[in-house]
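One letter stands for each residue in the lines below.
Number of protein chains: 2
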Amino acid sequence: MTQIELLGSRAKAASRILATLNAGEKIEALTTIANTLEQARKEILAANSLDLAAAKEAGMRESMLDRLMLDEDRVLSIARAVRNIAKLEDPIGETLHGFVTPNGMNIRKVRVPLGVIGIIYEARPNVTPDAASLCLKSSNAVILKGGKEAIHSNRCMVKLMRGALEQCSLPVDAIQLIEDTSRESTMELMQCNRYVDVLIPRGGAGLIQSVVQNATVPVIETGTGNCHIYIDKDADLAMGVEILYNAKTSRPSVCNAAESLLIHRDIAREFLPMAKRRLDEKHVKWLGCERAREILGKEIAPATPEDYGTEFLDYILSAKVVDSLEEAIDHITKYGTQHSEAIITENLRTSEEFTAKVDAAAVYVNASTRFTDGGEFGLGAEIGISTQKLHARGPMGLKELTTVKYIINGQGQVR
Amino acid sequence: MTQIELLGSRAKAASRILATLNAGEKIEALTTIANTLEQARKEILAANSLDLAAAKEAGMRESMLDRLMLDEDRVLSIARAVRNIAKLEDPIGETLHGFVTPNGMNIRKVRVPLGVIGIIYEARPNVTPDAASLCLKSSNAVILKGGKEAIHSNRCMVKLMRGALEQCSLPVDAIQLIEDTSRESTMELMQCNRYVDVLIPRGGAGLIQSVVQNATVPVIETGTGNCHIYIDKDADLAMGVEILYNAKTSRPSVCNAAESLLIHRDIAREFLPMAKRRLDEKHVKWLGCERAREILGKEIAPATPEDYGTEFLDYILSAKVVDSLEEAIDHITKYGTQHSEAIITENLRTSEEFTAKVDAAAVYVNASTRFTDGGEFGLGAEIGISTQKLHARGPMGLKELTTVKYIINGQGQVR
Numbered sequence: 001m002t003q004i005e006l007l008g009s010r011a012k013a014a015s016r017i018l019a020t021l022n023a024g025e026k027i028e029a030l031t032t033i034a035n036t037l038e039q040a041r042k043e044i045l046a047a048n049s050l051d052l053a054a055a056k057e058a059g060m061r062e063s064m065l066d067r068l069m070l071d072e073d074r075v076l077s078i079a080r081a082v083r084n085i086a087k088l089e090d091p092i093g094e095t096l097h098g099f100v101t102p103n104g105m106n107i108r109k110v111r112v113p114l115g116v117i118g119i120i121y122e123a124r125p126n127v128t129p130d131a132a133s134l135c136l137k138s139s140n141a142v143i144l145k146g147g148k149e150a151i152h153s154n155r156c157m158v159k160l161m162r163g164a165l166e167q168c169s170l171p172v173d174a175i176q177l178i179e180d181t182s183r184e185s186t187m188e189l190m191q192c193n194r195y196v197d198v199l200i201p202r203g204g205a206g207l208i209q210s211v212v213q214n215a216t217v218p219v220i221e222t223g224t225g226n227c228h229i230y231i232d233k234d235a236d237l238a239m240g241v242e243i244l245y246n247a248k249t250s251r252p253s254v255c256n257a258a259e260s261l262l263i264h265r266d267i268a269r270e271f272l273p274m275a276k277r278r279l280d281e282k283h284v285k286w287l288g289c290e291r292a293r294e295i296l297g298k299e300i301a302p303a304t305p306e307d308y309g310t311e312f313l314d315y316i317l318s319a320k321v322v323d324s325l326e327e328a329i330d331h332i333t334k335y336g337t338q339h340s341e342a343i344i345t346e347n348l349r350t351s352e353e354f355t356a357k358v359d360a361a362a363v364y365v366n367a368s369t370r371f372t373d374g375g376e377f378g379l380g381a382e383i384g385i386s387t388q389k390l391h392a393r394g395p396m397g398l399k400e401l402t403t404v405k406y407i408i409n410g411q412g413q414v415r
Numbered sequence: 001m002t003q004i005e006l007l008g009s010r011a012k013a014a015s016r017i018l019a020t021l022n023a024g025e026k027i028e029a030l031t032t033i034a035n036t037l038e039q040a041r042k043e044i045l046a047a048n049s050l051d052l053a054a055a056k057e058a059g060m061r062e063s064m065l066d067r068l069m070l071d072e073d074r075v076l077s078i079a080r081a082v083r084n085i086a087k088l089e090d091p092i093g094e095t096l097h098g099f100v101t102p103n104g105m106n107i108r109k110v111r112v113p114l115g116v117i118g119i120i121y122e123a124r125p126n127v128t129p130d131a132a133s134l135c136l137k138s139s140n141a142v143i144l145k146g147g148k149e150a151i152h153s154n155r156c157m158v159k160l161m162r163g164a165l166e167q168c169s170l171p172v173d174a175i176q177l178i179e180d181t182s183r184e185s186t187m188e189l190m191q192c193n194r195y196v197d198v199l200i201p202r203g204g205a206g207l208i209q210s211v212v213q214n215a216t217v218p219v220i221e222t223g224t225g226n227c228h229i230y231i232d233k234d235a236d237l238a239m240g241v242e243i244l245y246n247a248k249t250s251r252p253s254v255c256n257a258a259e260s261l262l263i264h265r266d267i268a269r270e271f272l273p274m275a276k277r278r279l280d281e282k283h284v285k286w287l288g289c290e291r292a293r294e295i296l297g298k299e300i301a302p303a304t305p306e307d308y309g310t311e312f313l314d315y316i317l318s319a320k321v322v323d324s325l326e327e328a329i330d331h332i333t334k335y336g337t338q339h340s341e342a343i344i345t346e347n348l349r350t351s352e353e354f355t356a357k358v359d360a361a362a363v364y365v366n367a368s369t370r371f372t373d374g375g376e377f378g379l380g381a382e383i384g385i386s387t388q389k390l391h392a393r394g395p396m397g398l399k400e401l402t403t404v405k406y407i408i409n410g411q412g413q414v415r
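Sequences listed follow chains B and A, in order. The first sequence begins at 1 in the numbering used here and counts up by one. The second sequence begins at 1 in the numbering used here and counts up by one.
Some hints could be false.
No copy is singled out in the list; a pair is fine if it fits within one copy or between any two copies.
[As the list claims (entries may be wrong)] Calculated lysine-lysine pairs in the BS3-like style (CA-CA distance at most 27 Å, straight line): (1) Lys334 x Lys276; (2) Lys276 x Lys298; (3) Lys87 x Lys159; (4) Lys87 x Lys357; (5) Lys12 x Lys87; (6) Lys109 x Lys87; (7) Lys399 x Lys109; (8) Lys109 x Lys357; (9) Lys159 x Lys42; (10) Lys357 x Lys12; (11) Lys56 x Lys42.
FYI, nobody ran anything at the bench for these hints, they're computed from the structure.
Given the sequences, and given the hints that come with them, work out the whole structure.
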């Protein structure tokens, strides 16, 4: 048995016990985890400082270092998040549907845990307790595979969380970390169909594509967002400017930020200069089509097809003037990642056509794409935003970490 | 662009039109398909006879030939099935959940089609119109990849169905067949993530494993069923015999048939001879553990661990005496395929423990595993039985061929 198979078989065994826990036992365990993390914050920060030192020496850039870094406030906020997860409604055991068949069998479709969830992520140590807590709350065992840059932080927090489980007489193998951060061990996890029920990659496009390409275990693809704002000819232009400004600049590094602007030709001449003035406040760099450059001036760089397909995650915006709603929808179909797409229009028929024809997890009329988020959508917490169509689409909360089981009670029925 | 990419891009374009159809238009299309297949039955039978002739020459065995064969009755029954699918409740457009956020946005979670579905199957031509109709009813485009042995039948029926679509002014590329039945084209379909949203393999364990191993497109695994009947010490033994007889012999070739019997040691001596007598009526071959052989006599062949893991799909039964409920559950966990599992018991607590701990799509108390079926579970029709946990579990009907989209209507909200 390889190391990964060993982790897997232990996780599977733990998952069978987790499936029988009641909500109160899970709340107690999560509260104990939160307390433990809080009390051991010095220890966590010491482990994190080892990661930070190594990362600095390896020349990690500033924005990545910020993601890797923990401080007292961040640890306390991690513990608070665990407590919030503890308080959410328990997803397990709900009867989704039930009926009696003509021959008298009682059939119920009941919500049950997935079993063992593998989470593959990058150098963000806050994902470790967050993912572990969401899995525990939904009665799933978790196998964590974090970025090697965060190994000391992850090892420390996983040790603490396992200690908390032990304190509550729960199976410690419900939370496991793959300490071997090599490519090979990741590959093995991705193909460990015998023990792993689902993989959820959390991170950049490269990580996610690698999992999609290599996994034989079912995957929930998350988080790449090449989101568009389409300003229709019947738009309230001032509203359009404010939504674009918010969607592009309020937090450019996240997946629900806008990357591309489409403008109907009839209002392009009026809208583009307004939008440019507002976005100049944040020094947004524009990449425009020829018609946009004619209006805004040639200091705007020309946009290439590759630009239209790029999730910049930065203060950069591609812009294209279109002849019609249809052309806008075609462009989104071609370049979008089916995450979040918005139209600004006062025309009812146009808004209906856009929401019907644009194929994405979230389609907005007159609101910012930035709202695509588990908290905003009322899920309480979120393990990622699914950009695929199977199982879950859009923000995934606790219910998305479950499956169903049919339970049939008969009195001797045969067919 | 390769041939598969061409099919894929056409299917994607068609799927966008399908997504905007109303229920009436789809009913009309399906009715036209049913009429066309019925009227062209001579043409279908002529095509099928070419397949049959080639298969006989290639030495195909009788049971396979029977699956490949169409006759007038079968074509009429195919057309009837299409009409039944037309009559089912339309799954598209349903609002699953909707609310107004504190800042006044209206968020709705709406059921929408998956988009493009790839169906990979074997030499069963009836799957062709059945899968195409279920996909059309759920507003999905379909790419069919049937076994090469059925190519003439499939080509003929797909041509007829596309003709029916054309007659209804619907995009003919909503139904496409991969005529190149090589391994390479199948492989390409399985990795055509750009255009194919989901793959559903329908067939034997070998086909399904090949798709799971090679696909990068999300897969819904279907249909392997190594199903157990566990006779508890508190069982009504006569009921147990009848359920076992039904589950093993009523249709041994299907995935919900029982393959393995587990018997509590306390009632083994009484139960096994009763069961043996009843199953002798159908000449069922037993493979038993040592204790079962002691009771039933050494003419019973010994069961190997491999036998316990085998889906016989035949008049063969493996049998094992267990010391406890716990041992039965462990055995099922080890050898089962998470399809359908049954316990026979009059003990409430035991039944609850079994249904809670056995991890399968359908868990039965005092009823035959043979009921795991879309029709029996009230789904109206079925495209397969999912044995995985993502997206769908158990019988899959029209709703399982859909995903969701969040539609958000605001009045200028920013975050």
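Discussion item. If the cut is 27 Å between Cα atoms, do Lys334 and Lys276 qualify within a copy, between copies, both or neither?
Written reply: Classified as within: same-chain Cα gap 25 Å, cross-chain 63 Å, threshold 27 Å.
Practice prompt. Up to 27 Å between alpha-carbons, please classify Lys87 paired with Lys357: within, between, both or neither.
Written response: Intra 38 Å, inter 26 Å, cutoff 27 Å: inter-copy only.
Worksheet item: 27 Å Cα cut-off: does Lys159 pair with Lys42 within a copy, between copies, both or neither?
Response: within (14 Å within a copy, 71 Å between copies)
Item to complete: Using 27 Å as the alpha carbon limit, work out where Lys357 and Lys12 are close: within a copy, between copies, both or neither.
Response: The answer is between: 12 Å across copies meets 27 Å, while 42 Å in one copy does not.
Practice prompt. Pop the pair Lys276 and Lys298 into one bin, within, between, both or neither, using alpha-carbon distances up to 27 Å.
Written response: within (13 Å within a copy, 88 Å between copies)
Worksheet entry | Homomeric proximity label, Lys399 with Lys109: Cα distance no greater than 27 Å | both (14 Å within a copy, 14 Å between copies)
Fill in: Copy assignment of Lys87 with Lys159, given that the CA separation must stay at most 27 Å
within (23 Å within a copy, 57 Å between copies)
Practice prompt. Indicate which option fits the pair Lys109, Lys87 if close means a Cα-Cα distance not exceeding 27 Å: within, between, both or neither.
Written response: both (25 Å within a copy, 24 Å between copies)
Discussion item. Please sort Lys109 with Lys357 into within, between, both or neither, judging by C-alpha distance up to 27 Å.
Written reply: For Lys109 and Lys357, only the inter-copy Cα distance (15 Å) is at most 27 Å; the intra-copy one is 33 Å.
Discussion item. Within a copy, between copies, both or neither: which one fits Lys56 and Lys42 at a CA-CA cutoff of 27 Å?
Written reply: Cα proximity of Lys56 and Lys42: one copy only (21 Å, versus 76 Å across).
Worksheet item: 27 Å Cα cut-off: does Lys12 pair with Lys87 within a copy, between copies, both or neither?
Response: Intra 26 Å, inter 43 Å, cutoff 27 Å: intra-copy only.
The structure fails none of the hints (numbered hints given earlier).
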